[in-house]
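Start from chain A and add chain B according to the hints.
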Amino acid sequence: MDCTNSPWGGVISHRGMKHQFQDLSLLQEFKSGNTHAFKAVYDMFFPSLCFFAKRLVDNDAEGEDIAADSFIKLINRHGSFDTLPNIKAFLYITTRNACLNYLRFSQRQTASKKDLALLQDETEEHVLSHMVHAEVLREVENEIEQLPRRCRQIFKLIYYERKSADEIATLLDISINTVWVQRAKAIQLIRTNLLKKGMLSILLCFLAMTDNHS
Amino acid sequence: MPKYFSFPIKERRLKLVSIGMPGHPDTEMNLSELDEVEHVTALLLKQLRQEITDDELQDLNNRLTAHPSWKQIQDHLNDEKQLLADLLTFNQVDTEAWWKKISEQANLHTPSRSFLQRWSTWVVAALLMMAISFACWYFIAAKKQKGTTEKYIPVIINVPPGGNKASLTLSNGDVINLDNAANGTVAEEGNEKVIKLQSGELAYQSSTGNPEPAIDKMHEGNQSEIINYNTLSTPRGGQYHLVLPDGSKVWLNAASSITYPTRFTGNERRVTVTGEVYFEVAPSNLSPAGAGETKRSFTVDVLPSAAGAGGGRIEVLGTIFNVNAYEDENVIKTTLLKGKVRIASLPADASFTLSSTTTSAYKLLLPGQQAELTTTTSGRNDSIKIIDGIDTDMAVAWKNGLHSFKNADIKSIMRMLARWYNVDITYEGKIPDYKFTGSIPRSENISSVLSMLQYAGMHFKLKDGKIVVVP
Chain A
1 MDCTNSPWGG VISHRGMKHQ FQDLSLLQEF KSGNTHAFKA VYDMFFPSLC
51 FFAKRLVDND AEGEDIAADS FIKLINRHGS FDTLPNIKAF LYITTRNACL
101 NYLRFSQRQT ASKKDLALLQ DETEEHVLSH MVHAEVLREV ENEIEQLPRR
151 CRQIFKLIYY ERKSADEIAT LLDISINTVW VQRAKAIQLI RTNLLKKGML
201 SILLCFLAMT DNHS
Chain B
1001 MPKYFSFPIK ERRLKLVSIG MPGHPDTEMN LSELDEVEHV TALLLKQLRQ
1051 EITDDELQDL NNRLTAHPSW KQIQDHLNDE KQLLADLLTF NQVDTEAWWK
1101 KISEQANLHT PSRSFLQRWS TWVVAALLMM AISFACWYFI AAKKQKGTTE
1151 KYIPVIINVP PGGNKASLTL SNGDVINLDN AANGTVAEEG NEKVIKLQSG
1201 ELAYQSSTGN PEPAIDKMHE GNQSEIINYN TLSTPRGGQY HLVLPDGSKV
1251 WLNAASSITY PTRFTGNERR VTVTGEVYFE VAPSNLSPAG AGETKRSFTV
1301 DVLPSAAGAG GGRIEVLGTI FNVNAYEDEN VIKTTLLKGK VRIASLPADA
1351 SFTLSSTTTS AYKLLLPGQQ AELTTTTSGR NDSIKIIDGI DTDMAVAWKN
1401 GLHSFKNADI KSIMRMLARW YNVDITYEGK IPDYKFTGSI PRSENISSVL
1451 SMLQYAGMHF KLKDGKIVVV P
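Quick note, the sequences are listed as chains A and B, same order. With the first letter of the first sequence counted as 1, position 123 gets the number 123 in our numbering; the numbers rise by one all the way through. For our numbering, count along the second sequence from 1 and bump the result up by 1000.
In isolation and in its complexed conformation, chain A is listed as follows (with noise of 0.2 Å):
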């Protein structure tokens, strides 16, 4: 049960959100600047901007204050955007902008200007390719959030945070069961043979279809 106070109801979560209510509807709140339109917004594309920013600058914490602002950008004009692609486009752009900027900045203390050029031309050669990056991310992560919420769980402890499955079944405070054995055995068939195959449309349909009736 982790719903929010929206108005939409559940979680938004992008593609989630796709359900929940369409593009059109969403733009019209957006552009009418309904804060919880902004909110939706910001899940939307909000890590994806910092982690484009963040390799950008190769500064985490600038790369953030830098994502930061281009939302702020954002929100200010929140009257002039028509499509979705369109506000991906702003934030985007506004952000590598940003981040260019950034780098002359800090080049400027410390380079000469034939290093500042070089880098220059090396940046905007790396600027499309961190925004394929950051977008093929934010689609995986989004199949990820997808998933049934006790399956993600299990997903994250496993991969993110490296647990193992003794601790995941403290944490989760799954008894030793039936469910249990399953769940186990679960982990064991992702982990060996079905993980190196295509391991989203595996996983995803695997973790799916245990959600039908669980």
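Honestly, the hints are just simulated from the structure, not real lab data. Incorrect hints may appear among the rest.
Claimed, not checked - Listed next, the in silico BS3-like pairs over lysine-lysine satisfying Cα-Cα at most 30 Å (straight line):
| id | chain 1 | residue 1 | chain 2 | residue 2 |
| --- | --- | --- | --- | --- |
| 1 | B | K1385 | B | K1435 |
| 2 | B | K1101 | A | K31 |
| 3 | B | K1101 | A | K39 |
| 4 | A | K73 | B | K1101 |
| 5 | B | K1461 | B | K1430 |
| 6 | B | K1071 | B | K1081 |
| 7 | A | K31 | B | K1100 |
To be verified - Part of the chain A face toward chain B, derived, beta carbon under 8 Å:
| id | residue |
| --- | --- |
| 8 | K31 |
| 9 | F38 |
| 10 | L103 |
Said to hold, decoys possible - Listed next, with one range per pair, are the computed distances between beta-carbon atoms:
| id | chain 1 | residue 1 | chain 2 | residue 2 | range |
| --- | --- | --- | --- | --- | --- |
| 11 | B | K1411 | A | S25 | 35 to 45 Å |
| 12 | A | T83 | B | D1075 | 29 to 39 Å |
| 13 | A | S32 | B | K1340 | 38 to 48 Å |
| 14 | B | T1299 | A | S32 | 20 to 30 Å |
| 15 | B | V1470 | A | Q28 | 48 to 58 Å |
| 16 | B | T1053 | A | L84 | 25 to 35 Å |
| 17 | A | S25 | B | E1201 | 21 to 31 Å |
| 18 | A | S32 | B | V1470 | 51 to 61 Å |
| 19 | A | S32 | B | K1100 | 38 to 48 Å |
The structure displayed is predicted, hence computed values, not measured ones. Glycine residues also receive a C-beta, built at the ideal position from the N, C-alpha and C atoms.
Relative to the frame of chain A, chain B by itself:
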């Protein structure tokens, strides 16, 4: 291409962040770049999910070669450890804290609600909580009770997946087993050579060296020309890829067949299929001269889905589609991915050699639609149901090496497994009516699939070499 990639703002670099407003010319240009990003993102995701087609992979590789730094991203994504590490970084941001700061700075305030509204929310929440805790209690209690009486016995059933297996029946009745045949010419039919390209692929080559349509013209008036028919069929647990004499590509799923002439003559290309077949029909206007002349139609006769019932007919003009007409599936499902096809039913006793169906009975199918043709013996109650918004990837997943199902009941899943793993399935007792959604590579052993289903609540046992689904 380079124009597409190059950064349009070299000179404008020194401008500050003000660029990028919607409708602003800068954004327009950058949007095309973002389109490129979007496109590559989609391709990389497909690769990650192992859903990428050969064409798409080619497309992706072309784009990546043009940009070495993108290639690096691809490597990162396809390295499982790196992907997880990147996901970790991706999530290492306190979004709630940042949201607080951002909403403060942007002077956002949550719209205040009236006293009554606030209270009504709480009342609803409380009621909801009560309902949920009751449901949980009920559910847990029920489960516990079950757990004590029922023993969970996992079944280890090892059946290897199917592979590239098929046999070819020549016009003289000879049958060639393609599994053990060596690569190269496996047979000759008149002027045509039948060539096994590699494991799982068969093609035709005209020994005169001329492309087939040219011969077509030559023989136009020659009525005595003998047409040889070949039949390629796959057993249960087999699949095969065939390039028809006109260049159309055909993929046969397990327990399927296709009958076709070794050379298409006249204005018609006609084949007959059973089981499940995926088509990529070559464009019809291959003739070198007079492009505007009559197009050569491509017609697929689908043999009865159930014994005694009628079949179906699909008329095509350059398109991609999938036909599923297994005997045990009761309906003939045609899923269109690209182009246009028309579908009609064929009465049970109709000869499949001549066009006996009137045009008015045809129904038009558009991309993303699926036609469900239910046939009857009399042909009188035949119905064609057109379903919109079909997940076409799902319908042709088998061709891309996946078992895929969406809201499928256990019996339809087991029918699919029976065909691919060549196993027999029986049922005992009352099988729960669960619906499953998911996919798994066809290269997996059957035990992986069964384990998944077991984990999802199904139970199996092995009896007399058959897989028994038990409650």
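Name the hints, by number, that the structure is in violation of.
8, 10, 14, 17, 19
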